[in-house]
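Following the hints, complete the assembly by docking chain B onto the known chain A.
So the protein lines, in turn, are chains A and B. Position one of the first sequence corresponds to residue 1380 (the numbering used here), numbered consecutively onward. Position one of the second sequence corresponds to residue 89 (the numbering used here), numbered consecutively onward.
Derived CB-CB ranges, DEER-like: (1) A:A1591 with B:L318: 56 to 64 Å; (2) A:D1536 with B:R323: 28 to 36 Å; (3) A:R1687 with B:G269: 37 to 45 Å; (4) A:D1536 with B:A131: 19 to 27 Å.
Only some residues are given here: those of chain B computed to face chain A with a beta carbon under 10 Å: (5) F125; (6) F151; (7) V161; (8) K217; (9) L219; (10) L224; (11) E266.
Covered stretches of chain A (chain B as the covering partner; in silico rule of three or more C-beta atoms under 8 Å from a C-beta of chain B): (12) 1420 to 1428; (13) 1504 to 1518; (14) 1569 to 1581.
By construction, these hints were calculated from the structure, which means they are not laboratory data. Even glycine gets a Cβ: it sits at the ideal position worked out from N, Cα and C.
Take a look at the letters that make up each chain.
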Amino acid sequence: MSPATAPRHGTIRLLHLAADDTLTEGTLADLPQLLRPGDLLVCNDAATLPASLRAVTGRGEAVELRLCGQTGEHDHLAVVFGAGDWRDRTEDRAPPPRLRIGDQLSVGDLRATIVATDAVAPRLVTLQFDRAGAALWRALYAAGRPVQYSYLDRPLDLWDVQTVFAARPWAVEPPSAGLALTWELLLELRRAGVAFARVTHAAGISSTGDAALDARLPLAERYDVPAATVAAIAEARRRGSRVLAVGTTVVRALESAARRGGGTVIAGTATTDLRLSETTPLLVVDGILTGMHEADTSHFALLGAFVRRERLHALAARATELGFLAHEFGDVALILAAPSTNVCRRRTHVVACSPP
Amino acid sequence: MNTESNLEDRGILITGGSRGLGAALAHELARRGARLFLVARGARDLERVAAAIRDHGGRATAFAADVADKHAVHAIAGAASDVLGTVDVVIHNASTLGPVPLRLLADTACEDLQRVLEVNLVGPFRLSKVLVGPMLLQGRGLVVHVSSDAAVAAYPRWGAYGAAKAASDHVARIWAAELAGTGVAFLSVDPGEMDTQMHAAAMPDADRSALARPEVIARRIADMIAGAGLPSGARLEAATWKEGA
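Here chain A stands alone, though its shape is the one from the complex (with noise of 0.2 Å):
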């Protein structure tokens, strides 16, 4: 599949793997007729903040910081990579320099000192800025620009990144499924019985430029459950209506939400390091919205939670053959979970379940 090039305002192509395995190709405007009222659509709400920061080391040496996870009040985690900029590929830019607690890096008049740095992959490190909050965001919206792609023909803006429902900057980069929903189409589908829903999933770093640290992507993310979305599950689950994500993201932050809570969905923040596989059952997730991406990756890996694994590369020959577009401004595809894949769902009316 090749990927779209440009953050697109035309036509998304839909494909459709239903429950019983048929595969339909249609558009995204297609999605209303696709879902059924009361199904409950959960959007990832997470704006993207501008995660790419060009900083100086005290030594004046150059090098690109990229945000990967708040950790703290003044703590982020950073990637830092060395010469270059977006044309080059990530795994092509050279090797940041050898960086040590206790390094001061400057970004603007932002200053930032290294507090800790990952013990196998010491382009990892943990970032202490000087100030916080609000202060915080208006350095690094000064500064920051949205994490850039090399197959993309402009660089990006922030008015690029963001979905429609994007609240708080937690993203570093977009979760990209929802770049694809437009106003129309919400309320499109709000027209047609469907009902929203949203956590906040604190979307992750997609490449490093480090193999041993790309194999541990993603790496654990912040999500937030608001209890307003914990009620609407468990509404449609009463009703027996579906629960539906936009997105890999979203399906993590429910499943993990629903981990912590023994089987249900619990509201709150946490921190997830849950990867989902086609050995892992959904607790909550009944389907996904989601973007068109390669074998191989942790996202394509995730999808196999809600089909078989042949059924996965069917879609994705399928979606090369009919010329669909992948990655973040690509086409989609909605991907029902076989009735027997997730375990609550297999006791139907059944609103709490346990984990097997």
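What follows is chain B alone, placed relative to chain A:
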């Protein structure tokens, strides 16, 4: 019904929060328990308002930014969302008259008209564009456009300001029509003539004793925000609003 309690813990963003009606609204809403995120260009005046609110036990964060700057919109929305958790109410209060003394429309420079439209119309539109989406997912939210009688009456010399305010009223009505039934509501509020720095700049010879105090108008607008059941898209006049109604 006690309308004051409806504001407890609500996350409210106010633009133009450093003086006049914006500062008075910030104090009034904070007194009623709301959590505030205040935006204005001048950092020092804005921080002074936020600090005074905190000194009285209220909760307020100052964020210096220009609402007319397209690049500032995500910074404002992102920081406000993170600080407040959710932005429940947006009050588009910041506005500019353009150059004073006010001029006849034909003497108004095109660039001055553009600047007034940027601050009073396009800036609020951009901010709504990024803040209303999360409200849709939550199924609730309120956006208040601070209007003016110049939006309705054709006062000579108020061309740029009046045209921008009239358009702003209409934008609020169209938002309301498009989002009918979603739980997200839009209001335009005409505060009436108040004794503010802006009024003095526009009409230096006015009799100040005849002008309303911003604190009084702020109480009425706070009642409107707290009160449920106002029809989305309505245009309200603070001068004739009955307190506690």
